[in-house]
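2 protein chains.
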Amino acid sequence: MAKNDGGGSPRSSRWLATPAYPVTQSSAGSKGPTAMVFLNMGGPSTVDEVGDFLSRLFADGDLIPLGRLQGYMGPFIAARRTPKIKEQYAAIGGGSPIRKWSEHQCEEMCKILDQVSPETAPHKPYVAFRYANPLTEEMYKRLLDDGFGNGKGGRAVAFTQYPQYSCSTTGSSLNELWKWRQRLEGKTGPSNEGADGSINWSVIDRWPTHPGLVETFARNIEEKLAEYPEERRKDVVLLFSAHSLPMSVVNRGDPYPAEVAATVHAVMQRLKFSNMYRLCWQSQVGPQPWLGPQTATSVEEYISKGQKDLVLIPIAFTSDHIETLYELDKEVIGESGHADTVKRVESLNGNPIFIDALADIAKEHLASGIACSSQMSLRCPGCKSERCLESKKFFANQQPLAIPS
Amino acid sequence: MAKNDGGGSPRSSRWLATPAYPVTQSSAGSKGPTAMVFLNMGGPSTVDEVGDFLSRLFADGDLIPLGRLQGYMGPFIAARRTPKIKEQYAAIGGGSPIRKWSEHQCEEMCKILDQVSPETAPHKPYVAFRYANPLTEEMYKRLLDDGFGNGKGGRAVAFTQYPQYSCSTTGSSLNELWKWRQRLEGKTGPSNEGADGSINWSVIDRWPTHPGLVETFARNIEEKLAEYPEERRKDVVLLFSAHSLPMSVVNRGDPYPAEVAATVHAVMQRLKFSNMYRLCWQSQVGPQPWLGPQTATSVEEYISKGQKDLVLIPIAFTSDHIETLYELDKEVIGESGHADTVKRVESLNGNPIFIDALADIAKEHLASGIACSSQMSLRCPGCKSERCLESKKFFANQQPLAIPS
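Which chain is which? The protein sequence lines are A and B, in order.
No gaps in the numbering here: position 334 of the first sequence is 334 in the UniProt record's numbering, and each next residue is one more.
No gaps in the numbering here: position 340 of the second sequence is 340 in the UniProt record's numbering, and each next residue is one more.
There's no promise every hint is true.
It does not matter which identical chain is used: a pair holds within one copy or between any two.
What the hints assert, rightly or not - DSBU-like, lysine-lysine: derived pairs with alpha carbons at most 35 angstroms apart:
1) LYS272 - LYS393
2) LYS31 - LYS84
3) LYS343 - LYS187
4) LYS272 - LYS330
5) LYS84 - LYS111
6) LYS343 - LYS330
7) LYS224 - LYS272
8) LYS234 - LYS384
9) LYS330 - LYS308
10) LYS111 - LYS224
11) LYS272 - LYS84
12) LYS234 - LYS141
13) LYS384 - LYS224
14) LYS384 - LYS343
15) LYS330 - LYS384
No lab work stands behind these hints, which were simulated from the structure alone.
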């Protein structure tokens, strides 16, 4: 197995069948600059930011649907949970590393894109978080300050950092982006072709089985399996763990559970089904029913059945955050009584194979000329949200320029 | 797109990258005969069999977990539902076609296997249904009558006809097979190597993304899409529909929802994501919560949103049965008010590409020497069933002969 080589010449990776563009190409014909905007939920970088983070999180009806009680219950739950969550962030070093990783991933990806997609260079990195700084509003104002939009046009790509699409995650971030687009660049018709000089947006809305994503997960699993004695290795159980959803969201028709399962299957195919595995769901909160089986319970149950060699794989987030560093490492593994045999694979973080994959996804998107996947245009069967309807219409009707190949 | 050619020379299919064995090989070195046993739930072939069918179905705690009430509630529910279900079978022609299709598929597959796997020829076709004739007991007695087991050894392959594994379906059929194995051939230790002359079993327990299965689904979808006017075709929504599970089974860790999602993703990849799609779940009964979104509701909701071009794809059954012919065709489509634009793709039934795929799966299994997938050995995290434990142990410890290549 090839080792991740810490950088070097990313274009030479054999597993991405993407031809390398000449890096010395003149930028005279460039359609750039292109703003590359990473969307994610974000997390508080310091313990002091926890309160604001939770307030925004519980105010988001796309994530936690509290209906007419949102304005009352949201702040109440957020305030009640703040002290406990502050302790958790203190325990993982005083804050979430997600901003550091997101900025690093986006900057490194843009450097690669400048080489492999000179037609859209230079690529400028931005990060927009849903519940923590830098918020969407802040990112959008930076875009305008940097010369995008406001009569000057320019192209921006909203690149979700959730590989699998959920209305609670990517959907919520896009609704927020659409809201600030309308507030800061004015309301336009759905078929805005940039004629008014506003920013021309396109969206990378899902990438659950991209070969580079799958390869990174698979290698991380192989490295973790190698830590077990050879005679036990093939009997280690792989537990893929993704953030759960309330059943009300699943039953509305959210595509996330099926896309997470697609990622798991692709990773297992890449591993030639070398080990037994299950998909579990973590981070359920509150009294309403959520999708299971629960990760924490599953670990306990396998241990009680005598299966103590378990590898946990966070399959729906790409950076470390509270759900890996605290919930999995300190709670699920730390309290299992078998912290020597229950292990977690590395998160993707700064892995250069992963950053290569991001660049490959972005390059293909920039060359395609599509506004978003056709799948993104389809609302969930049970969706009642007018915001979703309008936001989806807006993004689907954007008309990004295709790059002649 | 190549047409299904109705038979002909199945080995020439380009989409199965399997080299053909010489059909004229002498049978002198054959390890056959090999019994090929198709497992499925079955259905009543006549209206008069409906009562017995439902009695067995509601008595099965693996399928419908009623706990200590099983013996009391099962017959009660079965009796109460019988008249209504009789009407449904009468409406689809007086019985389920599943026996006809299963026997046809198994016989045709065995003919192909005799050519492509002469080392295990002759291949003898058997069908064992869980709730209808031919029942597992009947099939097993036929095996013994035909010279398998009872001191004479011989090899049999249990080939589930559910592409995706659920404890409620394939698991239940295997538990039943194990039960009759113990009753009719005596209790043996878990490491039965056939030294006592009992039948040597192996299991094909899942095949959710086999390329031939995916190809058959994809072609059927393409054929159905071709019925829409070209200008509307790309906006048709594909609704994949699978039999639902109670949330108690999902939350126990049943692998079925994730494997169904894997099939859907593989089919959409093969179709190059040409259309918008969703995965829905059908046939929920009773008051307890089941996995959604519901197929019938989703169709209604899309129609009410103005999306009237819908193609339903039964993705977890391979033959027509009451859930396609009655529930989808007569209820969901028939009562939609848009029977001209809401359509259902053909079931796989006698499709020769599908039967080729079955032969390919079986041939690979026969050559592998494995008893079952490693995944089958893993119980669900929340499993409390001793029957599952013992049945899984039995099958995993069988030691079928590998065919030297």
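Right, here's what the structure says about each hint:
Taking the closest pair of Cα atoms, LYS272 and LYS393 come within 35 angstroms of each other only across two copies (23 angstroms); inside a single copy the shortest separation is 41 angstroms, beyond that limit. For a Cα distance limit of 35 angstroms, the shortest separation of LYS31 from LYS84 qualifies neither inside one copy, at 49 angstroms, nor across copies, at 66 angstroms. In this homomeric assembly, LYS343 and LYS187 never come within 35 angstroms of each other (Cα to Cα): the closest approach is 50 angstroms inside a single copy and 39 angstroms across copies. Taking CA atoms no more than 35 angstroms apart as the test, LYS272 paired with LYS330 passes inside one copy only; the shortest distance there is 31 angstroms, against 42 angstroms between copies.
In the homo-oligomer, the alpha carbons of LYS84 and LYS111 never lie at most 35 angstroms apart, since the shortest distance is 40 angstroms inside one protomer and 66 angstroms across protomers. Taking the shortest Cα distances, LYS343 and LYS330 sit within 35 angstroms of each other inside one copy (11 angstroms), while across copies they are farther apart (51 angstroms). When the C-alpha separation of LYS224 and LYS272 is checked against a cutoff of 35 angstroms, the pair qualifies both within a copy, at 16 angstroms, and between copies, at 34 angstroms. For the identical chains of this complex, LYS234 and LYS384 are inter-copy neighbours only, at 24 angstroms across copies versus 47 angstroms inside a copy, given an alpha-carbon limit of 35 angstroms.
For the homomeric pair LYS330 and LYS308, the shortest alpha-carbon distance inside one copy (17 angstroms) is at most 35 angstroms, but the shortest distance between copies (50 angstroms) is not. Taking identical chains as interchangeable, the C-alpha atoms of LYS111 and LYS224 lie at most 35 angstroms apart only when both belong to the same chain, with a minimum of 30 angstroms there against 45 angstroms between chains. For the identical chains of this complex, LYS272 and LYS84 are neighbours neither inside a copy (42 angstroms) nor across copies (46 angstroms), given an alpha-carbon limit of 35 angstroms. For a Cα distance limit of 35 angstroms, the shortest separation of LYS234 from LYS141 qualifies neither inside one copy, at 52 angstroms, nor across copies, at 37 angstroms.
With identical chains, the CA atoms of LYS384 and LYS224 are at most 35 angstroms apart between copies only, with a shortest distance of 30 angstroms across copies and 44 angstroms within one. Taking the closest pair of Cα atoms, LYS384 and LYS343 come within 35 angstroms of each other only across two copies (25 angstroms); inside a single copy the shortest separation is 41 angstroms, beyond that limit. For the identical chains of this complex, LYS330 and LYS384 are inter-copy neighbours only, at 28 angstroms across copies versus 39 angstroms inside a copy, given an alpha-carbon limit of 35 angstroms.
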